[in-house]
Amino acid sequence: MPDVLVVESPAKAKTINKYLGSDFTVLASFGHVRDLPPKDGSVRPEEDFAMDWEADERGERQVGAIAKALKGARRLFLATDPDREGEAISWHVQDMLARRGALKGIDVKRITFNEITKRAVQHAVANPRQLDVPLIDAYLARRALDYLVGFNLSPVLWRKLPGSRSAGRVQSVALRLICEREAEIEAFRAREYWTVEAQFATPVGAKFTARLTHHEGKRLEQFDLPNEATAMAAKAAVEAGKFSVAAIEKKRTKRNPPAPFTTSTLQMEASRKLGMGAQAAMRVAQQLYEGVDIGGETVGLITYMRTDGVQMAREAIFAIRDHVKEAFGDNYVPGAPREYSSKAKNAQEAHEAIRPTDVTRTPDQVARFLDDRQRKLYDLIWKRAVASQMQSAEIDQTAVDIADQTGRTRLRANGSVIAFDGFLRLYREDEDDRAADARAGLATAAEDEDSKILPPMREKDGLKNGPVAANQHFTQPPPRFSEATLVKRLEELGIGRPSTYASILQVLQDREYVRLDKRRFIPEDRGRLVTAFLVSFFERYVDTGFTAGLEEKLDDISGGRADWRAVMHAFWEDFSKAISSTSELTISDVIDALDEDLGPHFFPARTDGTDPRACPACSGGRLGLRLGRTGAFIGCNNYPECRYTRPLVAPGAEADGAASFNEGARELGVDPVSGQRVQLKRGPYGLYVQLGEETEDAKGKKVKPRRASLAKGMDPEGLTLDRALALLSLPRIVGVHPETTEEITAAIGRFGPYLKMGNLFKSLDPDDDVLVVGLNRAVALLADVKPRGRGLGDHPSGGVVEVRRGRFGPFAMHGSRVASLPKSMDFDSVTLDEAVKLLAEKGKDLPPKGGKGAKGKAKAAPKKAAAKAPAADDAPVVKKAPAKKAAAPKAAAAKKPAAKKPAAKKPATTTKKPAARKAS
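full-length UniProt numbering applies: residue 1 is where the sequence shown begins, and numbers increase by one.
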């Protein structure tokens with residue numbers, strides 16, 4: 001029997017099977033085969049951090065297939081990815097197989113390879129090892145940490161901060177970085193400064209530009225020309241002076257190539273240069289790693305893409321050097337191979353950098369076998385790896401000092417020229433994020449003075465004055481994080497790992513804590529509330545230093561320098577106390593802390609000096625943060641006398657053009673018929689118009705005013721009184737159908753604007769206006785709508801017999817009696833006689849609406865039946881809960897609990913607890 005080799009993905013299995021031939025059966029685990037169940041108790045600190053693992057259906061199926069393939073085999077090779085997650089998957093597979101008894105007499109080996117090539121795979125099979133226990137321990141510690149933080153911190157959030165989603169060990173720190181950067185931007189105050197530039201000409205007429213550096217004998221700092229008056233005085237001094245070349249300084253500098261890609265640097269450059277998000281970049285890299293069909297052969301084009309190492313294999317380095325020599329010449333190859341070391345905190349150097357598996361497969365050669373994204377990413381990886389072993393670029397830099405006759409006014413001109421392009425011939429790195437943004441159209445960057453080429457000059461050459469300009473500038477706030485810069489910052493701090501960055505960024509967006517706008521992260525108010533809460537009450541656990549320290553301890557575990565359970569005990573002792581300390585925390589405590597922290601954001605200072613917290617609806621009221629069941633909102637402290645509220649952010653407000661309407665209510669005018677006020681308001685479900693105010697009838701019962709929701713796409717800023725009254729008058733009659741003579745009406749329902757004709761309903765398209773849609777358009781929209789029902793004729797006992805379409809299939813109906821149509825009976829051809837017979841044989845009576853019997857009988861049974869049956873106009877057959885049950889007396893209902901099954905069977909229902917909300 002052939003040996004069995006297990007990898008993670010089926011694409012990889014297919015490729016490796018070709019390399020190893022019939023001596024091996026190669027199977028895929030499809031990633032992780034089991035995980036911690038998303039419920040309380042999966043990690044038990046009181047039992048020395050014992051863990052429960054649970055396999056899903058797919059995991060059980062894959063392990064079953066591996067166990068079946070092992071029958072008669074001698075060896076099992078676990079060849080999952082060469083990182084912590086890969087080591088953990090191998091451990092899970094081995095453990096699950098052992099529990100099945102499938103490893104008796106089987107020699108289990110662990111192998112890894114950094115690239116999927118025939119040479120690399122065969123070498124790995126020839127050099128197996130045992131599972132790396134410290135690496136598995138580090139995985140267990142990381143998994144336990146993430147679980148305990150998520151499943152203990154998230155419930156505190158849900159209880160104390162309604163409307164929040166979850167908290168995570170690394171996710172929350174990344175969110176804090178984004179929110180704190182936004183707070184810096186909001187607190188930023190631009191500062192004015194000026195610069196003076198002058199144009200000069202050499203004796204031969206060549207022109208160049210210089211910047212003022214000394215005025216009145218003093219060297220100018222950034223803010224030494226703070227306003228137009230001082231700038232104009234400096235400009236006048238330049239215009240009045242007679243200048244010559246005071247000094248020329250020339251020097252040659254070298255610029256070294258960047259290291260080949262790690263996971264994080266690949267994500268950064270893919271974002272900057274290709275506009276590719278972290279998740280997308282990793283998906284495409286996975287495809288290039290696992291293999292692409294090239295001329296009928298599946299070829300892995302790059303090495304493993306989850307790594308923080310910057311070293312390359314010696315044979316790869318020499319292959320690249322040979323290629324550089326052949327493609328560019330001897331002078332582009334450095335004298336000795338370049339060696340790199342990572343600057344990232346806690347970097348693991350065990351893995352190679354990301355590089356092409358075969359440097360001779362140039363981007364041009366493989367382009368026709370790749371899709372657009374694969375082609376672009378492979379081109380980036382190939383060029384970066386090759387450039388890393390090329391000669392440094394040499395740049396001649398020139399600085400020319402220009403002075404007037406007194407020497408009190410001086411200017412400087414800088415310029416540079418590339419003397420030898422070296423690696424720049426192949427690859428240029430976006431070192432400056434602002435410059436990268438400028439190229440992407442996200443910001444305006446000043447021209448780099450160092451890139452100018454200066455004309456030939458000599459000292460003491462006289463210069464001819466040209467135009468002089470004084471330019472106004474303002475300091476700029478720090479930029480928001482992009483995916484690239486956030487990954488870079490997390491890496492610098494030593495937080496997270498290469499394999500986690502993409503998922504962290506995605507989770508923040510999925511939780512609606514942040515959004516990406518022009519490739520920049522902007523925190524949502526929900527995210528800012530969560531961050532403020534965690535900083536106020538769990539500051540240590542969202543501290544960058546503490547989180548980085550945990551990462552160092554995890555590295556110590558993976559290196560065999562620390563015991564993972566000892567690390568967990570030390571963490572849990574303090575963390576559990578912090579969780580317990582919130583038990584006495586009241587909602588008002590939370591509100592006070594958040595209101596103080598986020599007050600400047602939600603109530604920014606006004607230019608007119610008025611109080612931004614003053615309530616616009618009452619006298620003396622003060623606005624502040626409030627919490628409701630659905631989340632946070634802004635409310636008045638005079639509640640309940642003043643009911644003014646406004647949401648922090650209305651879902652979809654920006655998409656509906658309502659972003660600027662956030663002050664709770666706006667007067668639109670007075671209805672000329674009733675004389676009542678018409679207002680535009682915002683409620684929990686969006687914007688609506690209201691006619692009049694809440695009143696009371698003669699019995700003191702409250703009567704709500706008439707209201708109508710704005711349809712999606714309506715501009716609240718441009719809403720007029722006439723359109724508001726038209727909304728309030730809905731539904732409106734569109735006209736009469738020319739063929740059926742039935743009336744067509746237009747209205748707005750739960751799911752948006754729609755048309756109705758008899759039993760036919762049709763949603764309006766986004767371009768249709770419910771207030772003005774005409775008859776011809778309505779007829780066209782209703783043309784393809786299937787009728788929900790049709791009349792068949794009169795029942796022998798009186799009343800009309802109908803057939804209708806319901807949620808659970810077509811049915812016949814006579815009064816409150818219904819019967820499902822058999823599958824053999826066609827809806828369109830069923831006859832009156834067939835329907836009458838069906839109702840007599842299989843018909844059931846619908847329970848009374850509201851669950852009440854005709855004589856005030858018991859409510860419990862009818863309610864249960866009603867829960868299974870929709871309204872009569874869309875009802876299927878009620879197969880259970882006949883009419884007799886509906887009339888059951890209350891005494892019988894009261895005895896019902898005694899009919900429960902014996903207690904002996906209870907454990908069967910409690911072994912599988914309902915899953916708690918998943919925390920990340």
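Treat the hints as calculated values from the structure; they're not laboratory data.
Being a predicted model, the structure only gives us computed values, none of them experimental.
One should not assume that every hint holds.
To be verified - In silico DSS-like pairs for lysine-lysine, Cα to Cα no more than 25 Å straight-line:
id, residue 1, residue 2
1, K18, K160
2, K823, K837
3, K325, K254
4, K460, K218
5, K254, K218
6, K18, K104
7, K681, K712
8, K118, K14
9, K762, K712
10, K273, K488
11, K699, K681
12, K518, K464
13, K452, K464
14, K488, K250
15, K68, K109
16, K14, K71
Unchecked claim - Computed Cβ-Cβ distance ranges for the label pairs, DEER-style:
id, residue 1, residue 2, range
17, E239, S341, 51 to 57 Å
18, D592, D224, 41 to 47 Å
19, D364, K68, 43 to 49 Å
20, R565, L516, 36 to 42 Å
Note that CB positions come from ideal geometry on N, CA and C, so glycine has one too.
Structure-based check of each hint:
1. At roughly 57 Å between alpha-carbon atoms, K18 and K160 are farther apart than 25 Å, so this suggested pair is violated.
2. Distance restraint check for K823 and K837: the Cα-Cα separation of roughly 16 Å lies within the 25 Å cut-off, and the hinted pair is therefore satisfied.
3. The suggested pairing of K325 with K254 holds, with an alpha-carbon distance near 20 Å, which does not exceed 25 Å.
4. Using a Cα cut-off of 25 Å, the hinted pair K460 and K218 holds, with the two alpha carbons roughly 22 Å apart.
5. In summary, the hint linking K254 to K218 is not supported, as the alpha carbons are separated by about 33 Å, beyond the 25 Å threshold.
6. As the CA atoms of K18 and K104 are separated by approximately 28 Å, the hinted pair breaks the 25 Å bound.
7. Distance check on the hinted pair: K681 and K712 sit about 15 Å apart at the alpha-carbon level, within 25 Å; holds.
8. As the CA atoms of K118 and K14 are separated by approximately 13 Å, the hinted pair is consistent with the 25 Å bound.
9. For the proposed pair K762 and K712, the alpha carbon gap of about 16 Å is at most 25 Å, so the pair holds.
10. For the given pair, K273 sits about 15 Å from K488 by alpha-carbon distance, which is consistent with the 25 Å threshold.
11. The hinted pair formed by K699 and K681 fails the criterion: a straight-line CA distance of about 28 Å is larger than 25 Å.
12. Taking the CA atoms of K518 and K464, the gap is about 46 Å. The hint is violated against a cut of 25 Å.
13. The straight-line distance between the Cα atoms of K452 and K464 is roughly 20 Å, inside the 25 Å bound, and the hint therefore holds.
14. The straight-line distance between the Cα atoms of K488 and K250 is roughly 35 Å, outside the 25 Å bound, and the hint therefore fails.
15. Proposed proximity of K68 and K109 is supported: the alpha carbons are some 18 Å apart, at most 25 Å.
16. For the given pair, K14 sits about 21 Å from K71 by alpha-carbon distance, which is consistent with the 25 Å threshold.
17. In this structure the hint that E239 and S341 lie 51 to 57 Å apart at CB holds, the actual value being about 53 Å.
18. A hinted range of 41 to 47 Å for the beta carbons of D592 and D224 is consistent with their spacing of about 45 Å.
19. A C-beta distance of roughly 45 Å is found between D364 and K68, which places it inside the suggested range of 43 to 49 Å.
20. Checked against the hint of 36 to 42 Å, the C-beta distance between R565 and L516 comes to roughly 40 Å, which is consistent with it.
Hints 1, 5, 6, 11, 12 and 14, counting from the list given before, are not met by this structure.
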